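**Student:** Position chain G against the provided structure of chain V, taking the given hints into account.
There are 2 protein chains.
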Amino acid sequence: MFSLTIDQLKFDEKGLITAVVQDHLTREVLMVAWMNAESLRLTQQVGETIFWSRSRQELWHKGATSGNTQKVVQILVDCDADTLVLLVEAAGPACHTGERSCFYRQVE
Amino acid sequence: MFSLTIDQLKFDEKGLITAVVQDHLTREVLMVAWMNAESLRLTQQVGETIFWSRSRQELWHKGATSGNTQKVVQILVDCDADTLVLLVEAAGPACHTGERSCFYRQVE
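If you read the protein sequences in the order shown, they are chains V and G. Mapped onto numbering that gives the first Met the number 0, the consecutive letters of the first sequence carry residue numbers 0 to 107. Mapped onto numbering that gives the first Met the number 0, the consecutive letters of the second sequence carry residue numbers 0 to 107.
The hints are simulated quantities; they were obtained by calculation from the structure and are not laboratory data. A quick note: this is a predicted structure, and the numbers were derived from the prediction, not measured. Mixed in with the good hints there might be a few duds.
To be verified - Facing chain G, a subset of chain V residues (Cβ under 7 angstroms, in silico): (1) S2; (2) Q105; (3) V106.
As the list claims (entries may be wrong) - Ranges of calculated distance between the beta carbons of each label pair, as one might list FRET restraints: (4) V:Q56 / G:R99: 35 to 43 angstroms; (5) G:Q43 / V:A63: 34 to 42 angstroms; (6) V:H23 / G:D81: 39 to 47 angstroms; (7) G:D81 / V:A36: 16 to 24 angstroms; (8) V:S65 / G:K9: 21 to 29 angstroms; (9) G:E107 / V:H60: 28 to 36 angstroms; (10) G:Q44 / V:A36: 35 to 43 angstroms; (11) V:Q105 / G:A90: 17 to 25 angstroms; (12) V:F10 / G:E88: 30 to 38 angstroms; (13) V:Q44 / G:R99: 38 to 46 angstroms; (14) V:S65 / G:G97: 39 to 47 angstroms.
As the list claims (entries may be wrong) - DSSO-like, lysine-lysine: derived pairs with alpha carbons at most 27 angstroms apart: (15) V:K13 / G:K13; (16) V:K9 / V:K70; (17) V:K9 / G:K9; (18) V:K9 / G:K13; (19) G:K9 / G:K70; (20) V:K13 / G:K9.
No residue lacks a Cβ here, since even glycine has one placed at the ideal position from N, Cα and C.
So that you can see chain V by itself, here it is in the shape it has in the complex (with noise of 0.2 angstroms):
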């Protein structure tokens, strides 16, 4: 598979690339978040997803509290290089309310 670098990748105005998490075996879509090319550089070299949380401004290592930590497994990136997919085994629950996935409800 054809592979880019991060600095081949388009971070918006903000610095920003939206980051789509997915379980690696059941590819379910479990949470999508942010990354800046640091937290990103942080996730290749931890092997854990390392969000920027736009809400608090600063770092977010996925699980460090909690314990539902999220192996990479791979990162995708799109086309346009403007979106990533990041293949995970997770340790727990993506979403903070307990579930599985964030995506737990459904648009009627």
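**Tutor:** Only chain G this time, still in chain V's reference frame:
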């Protein structure tokens, strides 16, 4: 499954919401695009994905010219109500490159 109405969704300051499009059978993430309230209402009415093109600043009925429409099976929403996952049955490739999914490359 608990349902939300469009009025309960949180659109951003530009009136947009992130829309992750996933194959309803393989669960492959096909593309990520944007919707506003109007495009979401039209998506529900027509039963096919209709996005808001940020580059062209207009409604974008996916596949209207190429034939590669996406029939909507279910629309999920996350805990924050600010991101959608659309489970679809795709008539053809999602990507303008001809790839089935826009996520055909990885980050090294």
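**Student:** All hints, please: hold or fail.
**Tutor:** How the hints compare with the structure:
{"no.": "1", "hint": "S2", "result": "4 angstroms, holds"}
{"no.": "2", "hint": "Q105", "result": "5 angstroms, holds"}
{"no.": "3", "hint": "V106", "result": "4 angstroms, holds"}
{"no.": "4", "hint": "V:Q56 / G:R99: 35 to 43 angstroms", "result": "37 angstroms, holds"}
{"no.": "5", "hint": "G:Q43 / V:A63: 34 to 42 angstroms", "result": "39 angstroms, holds"}
{"no.": "6", "hint": "V:H23 / G:D81: 39 to 47 angstroms", "result": "25 angstroms, violated"}
{"no.": "7", "hint": "G:D81 / V:A36: 16 to 24 angstroms", "result": "23 angstroms, holds"}
{"no.": "8", "hint": "V:S65 / G:K9: 21 to 29 angstroms", "result": "24 angstroms, holds"}
{"no.": "9", "hint": "G:E107 / V:H60: 28 to 36 angstroms", "result": "22 angstroms, violated"}
{"no.": "10", "hint": "G:Q44 / V:A36: 35 to 43 angstroms", "result": "40 angstroms, holds"}
{"no.": "11", "hint": "V:Q105 / G:A90: 17 to 25 angstroms", "result": "23 angstroms, holds"}
{"no.": "12", "hint": "V:F10 / G:E88: 30 to 38 angstroms", "result": "33 angstroms, holds"}
{"no.": "13", "hint": "V:Q44 / G:R99: 38 to 46 angstroms", "result": "31 angstroms, violated"}
{"no.": "14", "hint": "V:S65 / G:G97: 39 to 47 angstroms", "result": "42 angstroms, holds"}
{"no.": "15", "hint": "V:K13 / G:K13", "result": "15 angstroms, holds"}
{"no.": "16", "hint": "V:K9 / V:K70", "result": "24 angstroms, holds"}
{"no.": "17", "hint": "V:K9 / G:K9", "result": "25 angstroms, holds"}
{"no.": "18", "hint": "V:K9 / G:K13", "result": "20 angstroms, holds"}
{"no.": "19", "hint": "G:K9 / G:K70", "result": "24 angstroms, holds"}
{"no.": "20", "hint": "V:K13 / G:K9", "result": "20 angstroms, holds"}
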